[in-house]
Structures are given as structure tokens and as C-alpha cells.
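Taken in sequence, the protein lines are chains Z and R. So for the first sequence, my numbering puts the first residue at 1; every next one is plus one. So for the second sequence, my numbering puts the first residue at 1; every next one is plus one.
It should be emphasised that the hints constitute simulated quantities derived from the structure, not laboratory data. In this text, a Cβ means the ideal position worked out from N, Cα and C, and glycines have one as well. Some hints here could point you the wrong way.
Stated by the list, open to error - From the structure, some residues in chain R lie toward chain Z, with a derived Cβ separation under 8 Å:
1. A10
2. N32
3. Q34
4. P40
5. K42
6. L47
7. Q51
8. T74
9. Y76
10. L89
11. F100
12. G101
13. G103
14. S107
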Amino acid sequence: EAGVVQSPRYKIIEKKQPVAFWCNPISGHNTLYWYLQNLGQGPELLIRYENEEAVDDSQLPKDRFSAERLKGVDSTLKIQPAELGDSAVYLCASSPHPGVTGELFFGEGSRLTVL
Amino acid sequence: KQEVTQIPAALSVPEGENLVLNCSFTDSAIYNLQWFRQDPGKGLTSLLLIQSSQREQTSGRLNASLDKSSGRSTLYIAASQPGDSATYLCAVRDGQNFVFGPGTRLSVLP
């Protein structure tokens, strides 16, 4: 069974440029999460999807960040324009159940460096 | 607001030692707790998931316990090996979302 797939693994851009990250969750997983992880810290939630609906985007900086999950499968996270402080690892995770007992599975992450 | 802490922040042990990593959370109304391993430059790999009704889970040399009333979980690693070197994170689920601790960076010296 394939795990959570993310791309690109690494991205280096100049500030003010746009960037997009893609995530394909484990097949059949209805819940998809995007997390931000800074060095030495645990992941912090950006947005959670149940199928194609963004049910929790309270931590997503909506002035520059956007996300979509068309058809309730893969998802894209976009930053436009990027700022120096956006340098971090962006992690995608999925969970098989819409309830509260499901296990969380992560992808390898996309490391962003903004120069 | 749920807060998760992990002690110690870093740990260095010689190969073969048994060790305990600690995870504390402030709100005991959780649904489950999950332990992860993260290697440098990689994503998080799930190690053990403990539901709120369970007291412990075991997988190979790993044993995780959960005491909801005291807001604590421990991850016990038996007979540590250099390959166990990584950062270990715990996460609690207190609704539809997970709250993560900052992790414990473990180094097992050969």
C-alpha cells in the first residue's frame, strides 16, 4: 500500500515568488491535513479537510496561503507571495476515519527555503 | 487550549540501555495519543497509537503507556540500538485535530 506522497521534496525560491506543494493521501483516507514544521518544533496544523471540505482552516494565514482538495483526493497548498519566514517543512498527513480514533500517517514533507 | 510537552529535549545513551521518553499534556480529555519517530529531513513515522480506553501498547522493543488522569504518556525503548537515533514526538487527539509536542532528540552511541 502506497503511503502519503508529497512533492516537491525541496524547493528554493526568492521572496515574493509563488510556490505550490502537492499531496496525495493514502487511498481511502477521507481526512487530509497540512502541517507546518519549524526546526526543533512539532508540526502545527494549517488546514484539515474532510473529503473536499475544509473543516478547519483557522490557522491558515489566508492573506498569502491557500489550499484546495478538488474531488476529495489529492490536495495542493499554495503560498503567494512567499516571505522569508515561510521557510519551513510543509507536511501532509492523512487519516482513515472521519471520527476521532484514526491513526495519522505522514508524507516525507516538502522543505521550503525562501531567500 | 491543549499543550503538550516532552522531557527531556535531548538524550544521549550508550547502545544497549533501556530508556524512557516522557510526554505530558494539559487537558486529559483526549481521544488517543500517538508516538512518532522522525529521522533528519524526513516525515513522521507512526510507532504506536494508544486509544483513550487503553493503558498501553507494545510493538517489538517499544512499549507506550498512557495515564489520562495524570496527563502523561511514556515511551519505553528496550535494548537501544544506534538505529534508534532519531527525534521522537508524541501527539494527542483532543477533537478532530492533533496537538504535537516538540520532540525528544535521541542519540544512541555505539
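So, going through the hints one by one against the coordinates:
Hint status for A10/R: violated, given a least beta-carbon distance of 10 Å to chain Z, over 8 Å. At its closest, the beta carbon of N32/R sits 6 Å from a beta carbon of chain Z; the interface hint therefore holds under the 8 Å criterion. Interface hint at Q34/R: satisfied, since its Cβ lies 6 Å from the closest Cβ of chain Z, which is below the 8 Å cut-off. The criterion of a C-beta within 8 Å of any C-beta in chain Z is not met by P40/R, whose closest approach is roughly 11 Å, and the hint is violated.
A hinted interface residue such as K42/R counts as satisfied when its beta carbon comes closer than 8 Å to some beta carbon of chain Z; here the least separation is about 6 Å, so the hint holds. For L47/R, the shortest C-beta to C-beta distance to chain Z is roughly 11 Å, which exceeds 8 Å, and the interface hint is violated. Because the closest C-beta pair between Q51/R and chain Z is about 6 Å apart, less than 8 Å, the hint holds. At its closest, the beta carbon of T74/R sits 18 Å from a beta carbon of chain Z; the interface hint therefore is violated under the 8 Å criterion.
The beta carbon of Y76/R is not positioned within 8 Å of any beta carbon in chain Z (closest approach about 20 Å), and the interface hint is therefore violated. At about 6 Å, the closest approach between the beta carbon of L89/R and any beta carbon in chain Z falls short of 8 Å, and the interface hint on this residue holds. Nearest Cβ of chain Z to the Cβ of F100/R: about 3 Å, under the 8 Å cut. The hint holds. Because the smallest distance between the Cβ of G101/R and any Cβ of chain Z comes to about 5 Å, under 8 Å, the interface hint for this residue holds.
Contact between G103/R and chain Z, as hinted, is supported at the beta carbon level, the nearest pair being about 6 Å apart and thus within 8 Å. With a least beta-carbon distance of about 15 Å to chain Z, the hint placing S107/R at the interface is violated under the 8 Å criterion.
Of the hints listed earlier, those the structure fails to meet are numbers 1, 4, 6, 8, 9 and 14, in rising order.
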